[in-house]
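S.K.: So the chains spell out like this:
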Amino acid sequence: MATATAEQASQRHAARRAARSASHYALPVFTALAIGYLLIPIVVMIIFSFNDYQGKFNFVWHGFTLAAWEQPLAWPGLADAIRTSLVIAGLATVVSTILGTMIGLALTRYHFRGRGAINGLIFLPLAAPEIVLGASLLTLFINVGLRSGLTPPGLTLLPKGTLALGFNTVLIAHIMFCISFVVVTVKARLSGFDRHLEEAAMDLGANEWTTFWRVTFPLILPGVLAAAVLAFSLSIDDFVITNFVSGTTNTFPIWVYGIIRNALPAQINVIGSIVFLTAVGLVGFTTLRSGRAVRLR
Amino acid sequence: MAATATIAVRPPSRRRRLLALAPYALLIPGLLWLLYFFVWPVFQMLLMSLSSGTLDSGFRLTFTTKPYVDALTRFPSQWGNSLLYAGIATLIDFLIGFPVAYTIAFRGGRWKNLLLFLVIAPFFTSFLIRTISWQILLGDEGPVLAFLKHSLGVVPVDFSVLYSPIAVIAGLTYNFLPFMILPLYVALEKIDGRLLEAAGDLYANPWQTFRRVTFPLSLPGVFAGTILTFIPAMGDYVNAELLGSPKTRMIGNVIQGRFLQTNDYPVASALSIVLMVGILAAVLIYARRLGTEELTG
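Those protein sequence lines, which keep their order, are chains A and B.
Take the first sequence: its letters are residues 87 to 383, numbered as in this note's numbering.
Take the second sequence: its letters are residues 3 to 299, numbered as in this note's numbering.
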């Protein structure tokens with residue numbers, strides 16, 4: 087009898103342990119599968135950049151080739167589109183980072199009337215669907231073009247054609263949607279900021295200007311850089327808003343969207359792979375460096 | 003502090019008065035940009051939605067409600083598709099995202115940063131290219147179906163996923179999953195482990211602890227994650243365009259088509275306004291339900 091119960095107990099014990107270890111491994115396995123799911127299209131993109139595809143569409147695997155990697159820009163308009171994307175992303179990053187950082191500083195360091203309204207104004211472009219942002223900007227630029235009475239004051243003073251759909255309008259749109267992201271990122275960094283450091287600098291005789299550049303700015307720089315990286319990646323990848331305001335100007339995503347009706351060249355995969363590997367490399371590099379800096383400290 | 007005291011005795015100098023203007027000087031350039039290129043365009047779109055006319059004859063503000071009547075009555079299937087696809091995609095993203103965020107937050111250990119990096123890795127490739135990858139993956143002779151059809155023979159040869167609602171939902175689910183995982187992770191990561199220990203000390207079993215402590219504390223993340231997924235999914239037109247058919251068109255496709263192809267600006271504007279107001283109203287009601295007031299941070 088005694089042995090039977092002991093056996094039963096140990097069986098029950100084993101069953102419970104099995105159940106516990108199942109639940110112990112279930113979550114990590116599920117997470118690994120989900121992350122695999124997130125990475126599948128990237129793997130497909132990289133693999134199909136080596137595809138020796140037949141015809142115009144790089145849809146079905148036919149064999150390995152380096153052809154597309156040897157001539158990554160061998161499609162009419164592709165090089166121009168990439169150049170436009172880089173120039174717009176660079177300019178949009180610089181302008182939106184400066185304007186957004188200024189707003190972030192004002193919102194976290196000063197108390198003044200209307201902060202709530204300003205916070206709301208920053209939040210709205212983040213909450214509105216991109217298609218609405220693109221469509222409303224298109225409405226604005228059309229009205230400017232038509233010289234209708236609805237044009238906001240000041241814009242009519244610009245030389246005619248400045249806001250015709252193209253490079254300028256894309257740049258304006260990108261700066262607009264990047265500003266809010268910059269403000270949010272910079273604010274997050276500034277919220278843990280110790281104002282006593284600035285007071286100490288002032289006590290030691292530094293004026294506001296010196297205090298800002300020697301104390302405040304170095305401390306918020308990581309947040310500003312993070313915001314700049316975010317702005318750059320948002321700008322270079324944007325399709326929805328750009329599609330509304332680009333006119334005949336091609337950025338890389340617009341070029342891709344235009345060509346995929348007629349062909350799907352492997353060069354798209356090559357450029358995508360290069361961008362992906364560069365970004366991963368940069369992030370890996372900065373992580374390693376900052377990790378080492380922390381350890382040295 | 004000492005500095006403030008000494009300055010207070012002195013009569014307000016010119017420099018002091020200039021410094022008092024500092025917050026406004028910091029705010030004005032960025033806010034002007036947002037006013038000109040976000041607020042004003044939305045206002046113009048509102049006026050456009052109350053106008054009549056064509057691109058050739060010009061649009062006149064007539065305060066007609068016809069565009070709104072059209073917007074609300076002529077596109078029932080596209081509105082339905084948008085709500086249905088975005089709703090299902092958000093639900094699936096939540097069901098995938100919550101366990102993933104939970105695992106990374108509580109079981110991630112030293113792999114935490116790597117796992118988070120893998121979650122955002124898709125952002126390092128273009129949104130369009132990822133969607134094109136799904137075209138390749140889900141194609142009738144793509145890697146998945148070709149294997150199931152020819153190698154395993156478990157799926158009929160004429161079976162097809164691409165260009166069906168399932169493909170569109172799969173694309174939406176995929177593209178916005180990181181937007182669900184990240185806010186959930188942030189909310190779960192903040193939870194004080196001692197609260198969970200306390201629940202255990204008070205004889206809550208793991209499931210009770212989760213239901214009564216962990217999940218309620220993660221609600222801000224649930225809120226942020228679901229709106230960050232639902233809003234872009236609701237306004238999306240790229241997935242429906244690349245992975246769907248004319249039958250799976252969403253409201254974004256209608257807006258895009260009327261703005262960029264048929265130049266029916268009044269109806270397109272009315273659709274955008276309805277979409278934006280609908281989403282904002284839903285977000286506010288939802289925020290009240292979940293009791294989240296930290297919306298604007």
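Honestly, I wouldn't trust all of these hints.
[As the list claims (entries may be wrong)] Straight-line distance between alpha carbons at most 25 angstroms, and here's what the computed SDA-like set of lysine to any residue pairs gives:
#1 B:Lys-192 / B:Arg-112
#2 B:Lys-151 / A:Ala-312
#3 B:Lys-114 / A:Lys-142
#4 A:Lys-246 / B:Gly-144
#5 B:Lys-249 / B:Lys-192
#6 B:Lys-114 / A:Arg-281
#7 B:Lys-192 / A:Gly-149
#8 B:Lys-192 / A:Trp-299
#9 B:Lys-114 / A:Tyr-139
#10 B:Lys-192 / A:Phe-279
#11 A:Lys-246 / B:Leu-262
#12 B:Lys-192 / A:Val-129
#13 B:Lys-68 / B:Leu-52
#14 B:Lys-192 / A:Ala-312
#15 B:Lys-192 / B:Leu-97
#16 B:Lys-114 / A:Ile-345
#17 B:Lys-151 / A:Ile-345
#18 B:Lys-249 / A:Leu-125
#19 B:Lys-114 / A:Leu-119
#20 B:Lys-114 / A:Pro-239
#21 A:Lys-142 / B:Arg-17
#22 B:Lys-151 / A:Val-310
#23 A:Lys-246 / B:Ser-59
#24 B:Lys-114 / A:Pro-114
#25 B:Lys-114 / A:Gly-278
[Unchecked claim] Here are a few chain B residues that sit away from chain A, every Cβ distance over 12 angstroms (derived from the structure):
#26 Ile-122
#27 Ile-131
#28 Val-240
#29 Lys-249
[Claimed, not checked] Some, not all, of what chain A presents toward chain B, calculated at C-beta under 10 angstroms:
#30 Leu-191
#31 Thr-242
#32 Leu-243
#33 Gly-278
#34 Val-369
Source of the hints: derived by calculation from the structure; they are not laboratory data.
A virtual CB, placed ideally from N, CA and C, is assigned to each residue, including glycine.
S.K.: Now tell me, hint by hint, if it's right for this structure.
M.R.: Consistency of the hints with the structure:
1. Between B:Lys-192 and B:Arg-112 the CA atoms are separated by roughly 17 angstroms; this keeps the pair inside 25 angstroms, and the hint holds.
2. Taking the CA atoms of B:Lys-151 and A:Ala-312, the gap is near 47 angstroms; set against the 25 angstroms cutoff, the hint is violated.
3. Under the criterion of a C-alpha separation no larger than 25 angstroms, the hint pairing B:Lys-114 with A:Lys-142 is inconsistent with the structure, at around 42 angstroms.
4. Taking the CA atoms of A:Lys-246 and B:Gly-144, the gap is about 50 angstroms. The hint is violated against a cut of 25 angstroms.
5. A C-alpha spacing of about 44 angstroms is found between B:Lys-249 and B:Lys-192, which places the hinted pair above 25 angstroms, so the restraint is violated.
6. A threshold of 25 angstroms between alpha carbons decides the hint, and for B:Lys-114 with A:Arg-281 the separation of about 31 angstroms lies outside it, so the pair is violated.
7. For the suggested pair B:Lys-192 and A:Gly-149, the alpha carbons sit about 49 angstroms apart, so the restraint of at most 25 angstroms is broken.
8. About 33 angstroms separates the Cα atoms of B:Lys-192 and A:Trp-299, which puts this hinted pair outside 25 angstroms; it is violated.
9. Of the pairs offered as hints, the one joining B:Lys-114 and A:Tyr-139 is violated, with about 39 angstroms between alpha carbons and a cut-off of 25 angstroms exceeded.
10. With a C-alpha separation of about 19 angstroms, the suggested pair B:Lys-192 and A:Phe-279 falls inside the 25 angstroms cut-off, and the hint holds.
11. Pair hint A:Lys-246 plus B:Leu-262 holds up; C-alpha atoms about 22 angstroms apart against a cutoff of 25 angstroms.
12. At most 25 angstroms may separate the alpha-carbon atoms for a hinted pair to count; B:Lys-192 and A:Val-129 exceed this at roughly 33 angstroms.
13. Distance check on the hinted pair: B:Lys-68 and B:Leu-52 sit about 8 angstroms apart at the alpha-carbon level, within 25 angstroms; holds.
14. At most 25 angstroms may separate the alpha-carbon atoms for a hinted pair to count; B:Lys-192 and A:Ala-312 meet this at roughly 21 angstroms.
15. As the CA atoms of B:Lys-192 and B:Leu-97 are separated by approximately 20 angstroms, the hinted pair is consistent with the 25 angstroms bound.
16. At roughly 39 angstroms between alpha-carbon atoms, B:Lys-114 and A:Ile-345 are farther apart than 25 angstroms, so this suggested pair is violated.
17. The hinted pair formed by B:Lys-151 and A:Ile-345 fails the criterion: a straight-line CA distance of about 30 angstroms is larger than 25 angstroms.
18. Taking the CA atoms of B:Lys-249 and A:Leu-125, the gap is near 29 angstroms; set against the 25 angstroms cutoff, the hint is violated.
19. Taken as a hint, the B:Lys-114 and A:Leu-119 pair is honoured in the structure, with Cα atoms around 16 angstroms apart against an allowance of 25 angstroms.
20. Our distance criterion of 25 angstroms between C-alpha atoms is broken by B:Lys-114 and A:Pro-239, whose separation comes to about 51 angstroms.
21. About 67 angstroms separates the Cα atoms of A:Lys-142 and B:Arg-17, which puts this hinted pair outside 25 angstroms; it is violated.
22. Distance restraint check for B:Lys-151 and A:Val-310: the Cα-Cα separation of roughly 52 angstroms exceeds the 25 angstroms cut-off, and the hinted pair is therefore not satisfied.
23. Annotation: proposed proximity of A:Lys-246 to B:Ser-59 holds, straight-line Cα distance about 21 angstroms (limit 25 angstroms).
24. Pair hint B:Lys-114 plus A:Pro-114 holds up; C-alpha atoms about 12 angstroms apart against a cutoff of 25 angstroms.
25. With a CA separation close to 22 angstroms, the supplied pair B:Lys-114 and A:Gly-278 stays within the 25 angstroms bound.
26. B:Ile-122, annotated as away from the interface, has a beta carbon of chain A within 12 angstroms; the closest lies near 9 angstroms.
27. For B:Ile-131, the condition that its CB be more than 12 angstroms from all CB atoms of chain A is violated, with the nearest at approximately 4 angstroms.
28. With a closest Cβ-Cβ approach of about 7 angstroms to chain A, B:Val-240 is found to fall inside the 12 angstroms limit, against its non-interface label.
29. No beta-carbon of chain A comes within 12 angstroms of the beta-carbon of B:Lys-249; the shortest separation is about 19 angstroms.
30. Interface hint status for A:Leu-191: upheld, as the beta-carbon distance to the closest one in chain B is roughly 6 angstroms, under 10 angstroms.
31. For A:Thr-242, the interface hint is violated, since its Cβ never comes within 10 angstroms of a Cβ in chain B; the closest pair sits about 12 angstroms apart.
32. The criterion of a C-beta within 10 angstroms of any C-beta in chain B is not met by A:Leu-243, whose closest approach is roughly 13 angstroms, and the hint is violated.
33. At a threshold of 10 angstroms, the smallest CB-CB gap from A:Gly-278 to chain B is about 14 angstroms, leaving the interface hint violated.
34. The interface hint given for A:Val-369 holds, since its Cβ lies 7 angstroms from the closest Cβ of chain B, which is under the 10 angstroms cut-off.
Checked against the numbered hints above, the structure breaks hints 2, 3, 4, 5, 6, 7, 8, 9, 12, 16, 17, 18, 20, 21, 22, 26, 27, 28, 31, 32, 33 and satisfies the rest.
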